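> Residue numbers (my numbering), protein chains in the order written: chain V, 26 to 134; chain F, 6 to 779; chain P, 1040 to 1160; chain C, 11 to 150; chain Z, 738 to 837; chain E, 51 to 209; chain Y, 2 to 500.
Hint data in this document are derived by calculation from the structure and do not stem from the laboratory.
Straight-line alpha carbon distances no greater than 20 Å define the calculated PhoX-like cross-link-like pairs of lysine-lysine that follow:
| no. | chain 1 | residue 1 | chain 2 | residue 2 |
| --- | --- | --- | --- | --- |
| 1 | F | Lys527 | F | Lys438 |
| 2 | E | Lys196 | E | Lys148 |
| 3 | Y | Lys424 | Y | Lys348 |
| 4 | F | Lys561 | P | Lys1155 |
| 5 | F | Lys166 | Y | Lys364 |
| 6 | F | Lys438 | F | Lys372 |
| 7 | F | Lys166 | Y | Lys424 |
| 8 | Y | Lys424 | Y | Lys364 |
| 9 | F | Lys561 | Y | Lys424 |
| 10 | Y | Lys153 | F | Lys769 |
| 11 | F | Lys769 | F | Lys677 |
| 12 | Y | Lys153 | F | Lys677 |
| 13 | F | Lys373 | F | Lys438 |
| 14 | Y | Lys153 | P | Lys1155 |
| 15 | E | Lys137 | E | Lys124 |
| 16 | Y | Lys348 | Y | Lys364 |
Quantities reported herein were computed from a predicted structural model and do not represent experimental measurements.
In case you want the letters, here they are:
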Amino acid sequence: MTGAGFLQIAAQLSLILILIGMAVAFVRIAKGPSLADRVVALDMMTVTIISFCGVYAVIMDEPSLLDVAIVLALVGFLATVALARYAERRFERSERQQQELKDGEMEND
Amino acid sequence: MSRSLAHETAHLTRSPTPTMAEHSDPNAPWKTLSGIGTSAITAALFLFFLQYVPTIAAGEPVRWVIPWIPSLDVNLSFWLDGLSLMFALLITGIGAMVMLYAAKYLAGHPQYDRFALYLFAFMLSMLGVVLADNLIALFVFWELTTFTSYLLIGFSHADPKSRRNALQALLLTATGGLALLAGFILMGVSQGTFEMSQINAAGSLVGQEFYTLILFLVLAGAFTKSAQVPFHFWLPNAMAAPTPVSAYLHSATMVKAGVYLLARTHPALSGSDLWIWILSIFGAVTAVFASFMALRQTDLKQTLAYTTLMALGTLVMFLAGSTGYAITAAMTFLLVHSLYKAGLFLTIGIIDHATGTRDANLLGGLKKAMPITAMAAAVAGLAMAGIPPFLGFIAKEVAYAGALEMHLWLFVVPMALIAFALMFAVAGIVAYKPFYGPQGDLPHEPHEGPWPMLLGPVVLGSCGLLFGLMPGLTAYYLIEPAVNAVMGAPDTGGRVKLWAGFNLPLLLSLITFALGFLIYLKHQALRERLARIEAKSPDLDASWDVFLDWFVRFSKGQTGLIQTGVLRQYMFATFAVFAVTVLITLITRGAGGVNLNLAGLGLMEWGISLLIAAGTVLVLLTSSRITALVGLGTVGIGVALIFIAYSAPDVAITQLLVELLVVVLLALALLKMPYLDKGNVQKHSFPNAVLAIAVGVLTTWVLLLVVDQPFDRRLTEFFEAASWTQAFGRNIVNVILVDFRTLDTFGEIAVVLIAALGAFVLLKGMRAAKEEKK
Amino acid sequence: MESLTALIIGVLTAASVYLMLSRTFMRFLFGLILLSNAVNLTIFASGRMTKGHPALVPYGADAPLQAVGNALPQALVLTAIVIGFGLLAFALALAFETFRRTGTIDTDELRFAEPKEDEPK
Amino acid sequence: MNSIIFTAGARLLVALVFVFSLFMLLRGHHLPGGGFIGGLLGAVAFIIYSLACGPEETRRALRVSPEGIAVIGLGIALLAGLFSFFMGDPFFTGQWYWVGGDSYETAAFSINSVLVFDIGVYLVVLGGILSLTFAFEEET
Amino acid sequence: MIDVLVGLFLLAGAAFVLIAAIGIVRLPDLLTRMHASTKAGTLGALLVLVGLAIHQGTGEVVSKAVATALFLLLTAPIAAHMIGRAHARVMQKLKPKSGA
Amino acid sequence: MNGLLLNLLLAFAWAAMTADFSFMSLATGAVLGFFALWISSPLTGIDDLYFKRFRRSIYLALFFLWELLMSSVKVAWDVIRPVPQNKPALIEVPLTVKGDFEILLLTNLISLTPGTLSVDVSEDRETLLVHAMFGDDADDLIDDIKNGFERLIMGVFEK
Amino acid sequence: MNWVLVFPIAVPFATAVFAYLARNYPAGRWISLAGSVLSLIASAALMVVVLREGVIAAQMSNWDAPFGITLVSDYLSAVMVVITAITGLATAIYALGEIPEETERLGFYALFQMLIAGVTGAFLTGDLFNLYVWFEVMLIASFSLLVIGGGKDRLDAGIKYVALNLVSTLVFLSGIGLLYGVTGTLNMADLRGAVAASDNQGLITVIAMMFMVGFGVKAAVFPLFFWLPASYHTPYFAISAVFAGLLTKVGVYALMRMFTLVFVGDVGFTHEILLWVSLLTMFTGVIGAAAQMDFRKILSFHIISQIGYMTLGLALFTPLALMGGVFYLVHHIIVKANLFFVAGLAKQYAGSTDLNRIGGLYKSAPLLAALFIIPAFSLAGFPPLSGFWAKYLIVKAAIELNMWFVTFVSLLVGLLTIYSMTKIWGYAFWKPHPDGYDPTPDRAPARVTAAMITPIAGLAAMTIIIGFFPEPFVQFAQTAAMQLLDPTDYVTTVLGVQP
Ligand code: NA
Ligand code: NA
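Can you build the whole structure from these sequences, using the hints too?
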């Protein structure tokens, strides 16, 4: 097997691994149970897409895809931050309202 | 007749024209510009038309044309022949006197100026109707008379009855008007010209393709305007208007517009069996019905209203014929009726003004206090009764002669006899009874009317007498030219004579007198009988209210079905329309079947697709907002992956950034927003699901068809070639955005800006406004 | 890939329609987001899809040297995405303010412009 | 309430992302990027700041109200189009001035109206999105 | 030879990404799961970027890859910290005096 | 004069001069700028500290990458082994570094390295709440952090 | 000559920028007014050139059609632009009286000017996607203007308006994508040929129907009009006037453009459907109006009903019918905007728009009464006001085709329109005020009254002028209709112009 051939196979395989990774992460998104769990899984997507871009750029020999990765690396965390802040504030708010927060309230958000 | 009309009558009789009583001041100055000015102009117009009498009598019609909308064959073309001249003279002559009368009658009324304006405008419109040659121009004037009379009938607008009756008159005549419009257009289109004189000259339309339709449409207009049974009920109700209006609109002119129309279109439309039967029957029934109703009334104004109806019926009945006698009868009767009816209306107005009532039972013995009024009434009443030597007598004679000549004489003659006899009786009630015998218990002490109000009745009454005394001149200058115009060909003439010898018509006249006198004597008893019959008979006027009521309820019901106020129902309908439309079109227009080409797709494609689908399902199924948001994020990521994989990094970056911002904004907003299903858990809905799936399937179907087509890459190739060499940019997408299609981008940033300003308005502005209020 | 994309679009559209038929306005907004995505993909797929080579003119060349993605639909989609975002943001602000002022975004209960009294009995 | 870690990170990232947004704006004509992406990134920069330090402080840091920025951006974009009026060209025709050469092939760089337009786009997107975000943030 | 190296980097990176994802699902509680996503995930991405940088070899790509890596290293822990903090605060207040 | 700022300035100047704002160009500019500064340091008065910090930064980076690799392998192994062996715990670590950026750097590094994740910093900046995946021995862990990253960071940020 | 097509769009945008920057000062409103005057001048210039040249086109950014975006104006576009500018100016004046200062400070004038810009852009563009963009500009501006000033009813109205319009926009956008997918082009003149050349005409018809649905929502035809009666009675009167006058007309315009220029391959199907849609639109609209007891709600439903006449003109697809449609379009903008203006002033005087709670305007505000009568009876199709000629053309076209049912419905709806207009007249004007006071003009500040009555009088004068001297307008509509039916000029002008 040539190096190039190996590379193609490895890259394709990598792509599949990454996509499986996404699917697995999605399981956590779907399952939850808490908001934080879902957010962690969504946060995971950032690195997954960056990796996807990297692998795909190799496969296609098209470095411009790296531009997507760089943007995502820089600002992708913001969604996580916003959602985390939401979770925190939501909690504080309901606590301020002195509501009895039952287990699972966060799930039913 | 109607319960509600009876109520109406009582109401009117008790406190005649309430606003009048409130506002008008008999001592107020009446020589205002509006009053004197309008009468003067109208009188001048009368003189203007008067000078054409010899010309027209000599058989030379005059035509004026002012181009209006040449590209639509609509011109302000006027046609002055015997028919239009007679009408024009009546309109301007009676108009001038009525306007003068009104100036005094309504002196001091706060809205008198408007009244004068409306009346004047009405006069001009009516003049337009009778002069216009172009059918569309005629229609324009026709509708203007409808409109101005609406304003006039509703003059006492504070009174709900007045408003109701004005609306009734408007809607009924407008209904006919619209039919008429269709008829005119059809006539114009089928004849190739909109000039009535040309259509008439070209000969009869009978037998042509659209004749029947045209006839029905024109008759609909004529019958509603001229209040033929069963469209009659608006006319007595229209008596809510001030008396000068009634005198003018509802006796002399507007209601005759329908008759005029039948006369004008006579050459083109008459002669068919349909024409003869319809006009005879409608006219006769109207005439007889109206005569009885006239007798039934106690309010003199109502009585007159019904006699007007009777006259209209009679005229229509005679226009059914095509013989010289029938037409001469119609024209003579038309002339005499206009004169005496206007006179009588004005007289009633004077009585009303002076005594405060119009109740036939109360009135009596006014001759002493109001001698001139009594004189004028007498002259008019005699004309109405058809006593020689008044023109009314001649009219009646000719009418009988005409009736005997008509196809349906067996039907027409008895009907005419009944009508004329009743008319005789009514003339006694209106013109004789109030002035003679014992004086009743009146609201005010009677006094003679002022001269501006007396002028009209006196002059009009005198005309009735004068014309009767000079039948030859009247016939030569007025009646025969009109008859010629209606016949569409020169008539032999010579039928209008005071003395035509001992003949059948004279015999019929004598029978009429006898019968009429008998009825007059028994009229009280008869009136009570009629009232009992009326109470049992169907009430068209009340049906009108029922109908309007039903219509409003129907509207509300219908609208409530559609405009439910519930967004999801609107949304359902919108999507359903989309689905049904697309589906039907797909199937019936042969767009083709689905060709699903999934070859050559790797795991990547399927993986991304599944990710999107999974995210979608999550959004769909979850009852948690944040889970839905995360699901949306997943979908967004999946879509971005497609963009990455299929060569669109710019789009992918934008998609990801926008997705990010959506999450940020929603995370901010959701803090203060309700849970998805709090309190009102919505069950999953089967119809919604079916519709949703249908829309989804159809979208896919259409897109599959589209991508199955060959693709024209012209634009793309140009952009690829020109991007660097002509637009000096290497990122073709960006070059398209900022150079090839700048305007799109400009509009787009405007959207972003406006959205931001709009959100600012919503979130900050309302808060600020609220705080300011506190 | 166009065929598969068409299927994805069908799924997205169906889901969004279902969401938009809901009485909770937030669900409507979620549906709107999905539908925007579906429409963007429609435009993208309509321009036909090319794998892996962005529409860039390489340095030193006057035009792309290989088959690159169709740039025009990309520009259109880009425009549509940004416009869609603006509209969504406005709609969200509207929902937000509506809830704050009226206490509900259940569209069955939002009857201020077309009150129930108007309905025929 | 505020996290020291996030605040510190935000300080660093604001500058970084903002500079990066300008970078994306300027290179957009040749590589992925441009006014939209730049503007979105610029907005994200200040959103990071605003999530960390609050919208008031961010407004202070911006000095000009975001709505003002957006409106001015639209004005700039419009001017970029109207400029060609004075050159006798149709609306929005790109006006190019080459520096260090006499054509696009030889010039070192250019001054052009297309970039001005893209700057307008950048400002509108930046200002518009910040305005939206602040409005939401300040109301919650 | 370089291709093989690149391939190995890619595979390693992808493997780490996959493992991180599995970790998110398998590990028992939130904070523990975050170890997986933050560390293994980030490393996976870095390895892929290294692979890409080697594969392309141009300065531009290398510098971009480095920048991407740096940005990721800067932002990923911040994001993790924010979730962890939110979670910890909620849990702390829910069940006072307990660990995780 | 801040050396870093000047260096960045030089990098941009380079990019501007070459009319090329690509990363390559900027990186070249940065490297060239660094050398320029280094060479000209006697003239510009940029102290040794900048260069010293630079060396320490390089060391910190290498150390960190190694730790990242190790930690990831450890976590990965725990993820894929049939029965995860982790014993998670929240540990409070006293903080010596006080500056914003020092704290940021420390917490980020902690998060990215074996078994530890920065969760929160107390308002008074005295303690750092760390989640440990293998929290058998809290003191060991605290020692590792204080002697490892924290010391290195303090070196980089030395004034 | 190129630029006469640009300025009607650019001027309102520039005005918006300046008006926004000056929104906190009185200058803001004068800038808006001055900008509206300039817009009118710019549109008039466009009209002059179009009258001279027939069809004119300009290639934006100097790229040939179909590559760049074309602005193009035939008679129809030109008159729509002029009428937009007129309505804009009228509204700008009216707003001086109606709009409170707090609202001005929120950027009212900027939003308003951008709305006008969006509408104008939609009329002038020759590019399908660009049309979408202008639709969006218009739409988002209208969203903002609808809710500006607050109130629960405006928010509720906003929700429905936004929701339904967003859906229609997406349908439209999706249609654009699909059409591009079949033809590969976006230029409307180019599309004519490309669509005709397509192998799958059935598919083209399917896409055409998607456009019809999308535009149908915008135009508020049956059964897609829900958003209109749900919202048009809630905003400021100045705003509802502009909405009523212009916004739905953009939908009608788009239908007219697309279904005369591009989708003419299956007229027997598409236009037949449009015919029935039109009749139902006319009828349900007028029935809806009959059910209302609120000044503005009645007017809102009548918009729907009249839209039906316009689309009917398109559906009948004869020169005369299209001519009627064009004439109707122009007439209705003037009249309907004016009626909403009148409603606003009536509310100022009498305190409400609920017909049961107002009255007495005829007695104490005769000028307003006269100024109501003119547009109201014009709307009802009373001759010789403008509405009569509009209706006349449509009815005549139907009669020429021997379509009796169409004729019947057209006339019936006219009758029912009279009913509604007289209802307003009877309740608001003739009936005494239920609270027993005289709603006189001095119940509002003099400045307010002056600002509000000026545009009303101006538009009423236009109604009368069109009614009494219709010949030039009829001829214009005739040429416009001919251009629509035979777009050869349009196509060659767009595709043949060298930049
Ligand atoms: Na005539
Ligand atoms: Na209307």
